[in-house]
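Trainee: Sequence:
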Amino acid sequence: MKFIAFLVLSFVVVLLVNGATSYIGAMIALALLGALMHPGSFAAFFGGGFGMALAWTSLALFLKFSTGSDLPEKMGELFGVNSAMAILLITAVIGFVLGAFSGLSGHLFWKMFRKKPKNIYRGNL
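Position 70 (the sequence shown) corresponds to 70 in full-length UniProt numbering; numbering is contiguous.
The set of hints was computed from the structure by calculation and includes no laboratory data.
Here the structure is a predicted model, which means the values were calculated and not measured.
Glycine included, every Cβ here is placed at the ideal spot set by N, Cα and C.
Mixed in with the good hints there might be a few duds.
[Claimed, not checked] Cut-off 30 angstroms, straight-line C-alpha distance, at most; resulting in silico cross-link-like pairs (DSS-like, lysine-lysine):
no.: 1; residue 1: LYS2; residue 2: LYS111
no.: 2; residue 1: LYS116; residue 2: LYS2
no.: 3; residue 1: LYS118; residue 2: LYS2
no.: 4; residue 1: LYS2; residue 2: LYS74
no.: 5; residue 1: LYS74; residue 2: LYS64
[Claimed, not checked] Using C-beta positions, here's what the derived DEER-type ranges look like:
no.: 6; residue 1: PHE109; residue 2: LEU63; range: 31 to 41 angstroms
no.: 7; residue 1: MET1; residue 2: LEU32; range: 16 to 26 angstroms
no.: 8; residue 1: PHE109; residue 2: LEU78; range: 34 to 44 angstroms
no.: 9; residue 1: LEU32; residue 2: ILE4; range: 12 to 22 angstroms
no.: 10; residue 1: GLU77; residue 2: LYS115; range: 50 to 60 angstroms
no.: 11; residue 1: LEU63; residue 2: GLY25; range: 26 to 36 angstroms
no.: 12; residue 1: LYS118; residue 2: LEU71; range: 53 to 63 angstroms
no.: 13; residue 1: ASP70; residue 2: LEU36; range: 35 to 45 angstroms
no.: 14; residue 1: PHE42; residue 2: ILE90; range: 18 to 28 angstroms
no.: 15; residue 1: ALA5; residue 2: ASN82; range: 37 to 47 angstroms
no.: 16; residue 1: GLY80; residue 2: SER22; range: 48 to 58 angstroms
no.: 17; residue 1: PHE113; residue 2: VAL8; range: 23 to 33 angstroms
no.: 18; residue 1: VAL8; residue 2: SER83; range: 27 to 37 angstroms
Take the sequences, apply the hints, and build the full model.
Mentor: Structure follows, in C-alpha cells:
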C-alpha cells in the first residue's frame, strides 16, 4: 500500500515542483518525500522512479499534442535517433533513474537517523 501511495504522491510532487524549479528541485522534493513517508527500500526506489518517469512522460506528451510542435522530431534528428518516441523513451528512462535514486536517498537518509533499539539479544557476542 505504501508503494502505491508513494508512487502517486511522487507523481503529483514532480508535476507540481517541475513547474517552479528544475529537475534538481524535483529530486530534492522526492528525497524529502521519501524521508517523510519512509517507505521500504523497494517502494522508495521503484515508486520514486516510476512516479518521476510517468510525470516527465505525461508532461512531454501533453506538450507535444497540445502545441502540435515538431520539436521532438527535430530533437530526435539532432541526437541521431530519428524518432520522437525514442526521445520520449529516453526521457522516461532518465526520469526513472533520477526519481529512483532520489526516493531511495530520502529513505536511506531517514534510516540513518532513526533510533535503533538497544539491549537486544544478538547471540554470543
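Trainee: If a hint holds in the structure, say so; if it does not, say that too.
Mentor: Taking the hints in turn, this is what the structure says about them:
1. LYS2 <-> LYS111: Measuring from Cα to Cα gives roughly 16 angstroms; hence the hint holds.
2. LYS116 <-> LYS2: Holds. LYS116 to LYS2 sits at ~22 angstroms (cutoff 30 angstroms).
3. LYS118 <-> LYS2: holds, 27 angstroms
4. LYS2 <-> LYS74: violated, 40 angstroms
5. LYS74 <-> LYS64: Answer holds: LYS74 to LYS64 is near 12 angstroms, not above 30 angstroms.
6. PHE109 <-> LEU63: 31 to 41 angstroms: holds, 33 angstroms
7. MET1 <-> LEU32: 16 to 26 angstroms: holds, 21 angstroms
8. PHE109 <-> LEU78: 34 to 44 angstroms: With a Cβ separation near 38 angstroms, PHE109 and LEU78 satisfy 34 to 44 angstroms, so the hint holds.
9. LEU32 <-> ILE4: 12 to 22 angstroms: holds, 19 angstroms
10. GLU77 <-> LYS115: 50 to 60 angstroms: holds, 55 angstroms
11. LEU63 <-> GLY25: 26 to 36 angstroms: violated, 19 angstroms
12. LYS118 <-> LEU71: 53 to 63 angstroms: holds, 58 angstroms
13. ASP70 <-> LEU36: 35 to 45 angstroms: holds, 41 angstroms
14. PHE42 <-> ILE90: 18 to 28 angstroms: Holds: the Cβ-Cβ distance is about 25 angstroms, inside 18 to 28 angstroms.
15. ALA5 <-> ASN82: 37 to 47 angstroms: holds, 40 angstroms
16. GLY80 <-> SER22: 48 to 58 angstroms: violated, 26 angstroms
17. PHE113 <-> VAL8: 23 to 33 angstroms: holds, 26 angstroms
18. VAL8 <-> SER83: 27 to 37 angstroms: Between VAL8 and SER83, where Cβ atoms are some 30 angstroms apart, the hint holds.
In terms of the numbered hints stated before, the structure departs from hints 4, 11, 16, listed from lowest to highest.
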